Amino acid sequence: MGAQTDGPGPDGGLPHGDGTAAAPVTLRGATAALGGRPVLRGIDLTVERGETVALLGANGSGKSTTIRAVLGQVPLTGGSLELFGTPLARFRDWRRIGYVPQRSTAAAGVPATVREVVSAGRLARRRFRPLGSADKTAVREALELVGMADRARDPVEALSGGQHQRVLIARALAAAPELLIMDEPLAGVDVASQEVLAQTLRDQVAQGTSVLLVLHELGPLAPLIDRAVVLRDGLVERVENPDRLHDLACHPHGSVPVEHTGPTIEQGLSVGGTETKARI
Amino acid sequence: MTEMLEFAFMQRALLAALLVGIAAPAVGIYLVQRRQAIMGDGIGHVALTGVALGFLLSTNPVWMAVLVSSVGAIAMELIRWYGKARGDIALAMLFYGGMAGGVMLINLSNNGSNANLTTYLFGSITTVSSSDIVAIVGLSVFALAVSLGLRRQLFAVCQDEEFARVTGLPVRLLNLLLAVTAAVTVTVAMRVVGLLLVSALMVIPVAAAQQATRGFAATLGLSVLFGVAVTLSGTATSYYVDVPPGASIVILAIALFIVVTALAAPLARRRARAVAAQGEDGTLGADEGREREGRPTRV
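Chains as they are written, first to last, in numbering that gives the first Met the number 0: chain A, 0 to 279; chain B, 0 to 298.
It is possible that part of the hints are untrue.
[As the list claims (entries may be wrong)] Simulated restraints on C-beta separations: (1) B:96 <-> A:58: 39 to 49 angstroms; (2) A:20 <-> B:95: 53 to 63 angstroms; (3) A:33 <-> B:266: 36 to 46 angstroms; (4) B:172 <-> A:34: 22 to 32 angstroms; (5) A:186 <-> B:262: 54 to 64 angstroms.
[Unchecked claim] Now the stretches of chain A that chain B is said to cover, found in silico as 3 or more residues with beta-carbon under 8 angstroms: (6) 122-128; (7) 146-154.
Hint data in this document are derived by calculation from the structure and do not stem from the laboratory. Remember, predicted model here, so these are calculated numbers, not experimental data. Even for Gly, the Cβ is constructed at its ideal location relative to N, Cα and C.
Kindly generate the complete structure, drawing on both the sequences and the hints.
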């Protein structure tokens, strides 16, 4: 796939717009290896401003490696990567990117409260300056966005998987990033948290935030996705358009269409601009 | 109590105890957070080579220990970066090499002896000299400036290193700084509790504090309080009763850990019940949600 997309263009109206029209992510011909084994074998991936792109594929297809390469955490052995129009080597503006890693089950050796974990997200903006009242406000607002404000003083160890995931998203949102990068945000997340998560993402997308996320299955996020890039063996196998995405979301195993009853999904579908009836 | 304070050597001893009581847990908490509690022990082993080198070259053993243990700590950090399957073996070699090197070098030197070595292995807080105090104060101030001044940055790095890198923090630099700070703390604490017991003072107050706390800042504060309490009372105990201060400090710390754990257990049970109750509510809600909304996607 190339740079052309059918997502919203880089025209004005986005709160983050700063005059530069460069795409948040431009990955061309990317190759990378882990432990000597080639994992990415020539990936092209572009995320335009305001666009939501999902990476799909089987385990080991290179989804997580692709986003870790986009974050500069896996060195490319070939190809090029530009973030907001700047080559990775010269990119310093990390606060424009919010990263939600795959939730780890390994707890740290010392307890930490929800607020302490989310506050770490503000370091993207503050770095070595002390955190002030603006940071406290941002942390509180980020926790409110994911519905975890009442748990701010609880230790993260006491949270369920879905609540923990919401905290990690709040940590990324605390710095008000222009691009959100998420690795399997739905893994091990209960349905209630999935709905909160979908709503949070919908709000972010409505504000013009670009999103790149790895998904195992589209689930409740399907209506938000502009494009799905399916990886296989470190290559882009195909790119799915929104209509087809809708079908995949409703009938992941190609089964008979069923009428929707969930209000959130209905609402989401109208946002996605697709019909309710599926056509497999 | 006041009689004890009239002696200059006890004043120095208590000042050193106070500083170490603050610095050791304040730095140790990051090692515990990263599940590297044993790193202080390793640095202690390597510092021994530094002490012996100091004797051999007739320079101040404390400064030489700072130098050598810092090099050792940086080496451990590099092994952690690049180390794959053999990382633990490399660390073991570093630990035992440091210990063996110390014993070897001390026997080669004229003004060092195994008796001298014992002073550093098990601590000798009551023989802290005026020049030692200058070094201890200076090094403690450095350790505290790093561990408290950069607590948010170090917390982020030790909590989730990859996330910290993506926020643009200079994670490698902070890791190296933490390694050097740990080495400095080990060297300072070696005069108080000895190289073999250094790690205890960096780890046990933190372990005790987190029995009763729920957040990082609270754990940091309480562990420093515990650290000061055991170093001061241990030093005082060794003044009144003829026992080695290092050993009494560590035994007091372990006793404190047991007491706090016993006191905190009912509290933890109550919290666990509260969380379980909340969790049950949440799970019920989630199941209902699945009944209501999730079915179409499952068919």
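Outcome of the hint check:
no.: 1; hint: B:96 <-> A:58: 39 to 49 angstroms; result: holds, 42 angstroms
no.: 2; hint: A:20 <-> B:95: 53 to 63 angstroms; result: holds, 60 angstroms
no.: 3; hint: A:33 <-> B:266: 36 to 46 angstroms; result: holds, 45 angstroms
no.: 4; hint: B:172 <-> A:34: 22 to 32 angstroms; result: holds, 26 angstroms
no.: 5; hint: A:186 <-> B:262: 54 to 64 angstroms; result: violated, 38 angstroms
no.: 6; hint: 122-128; result: holds (count 4)
no.: 7; hint: 146-154; result: holds (count 3)
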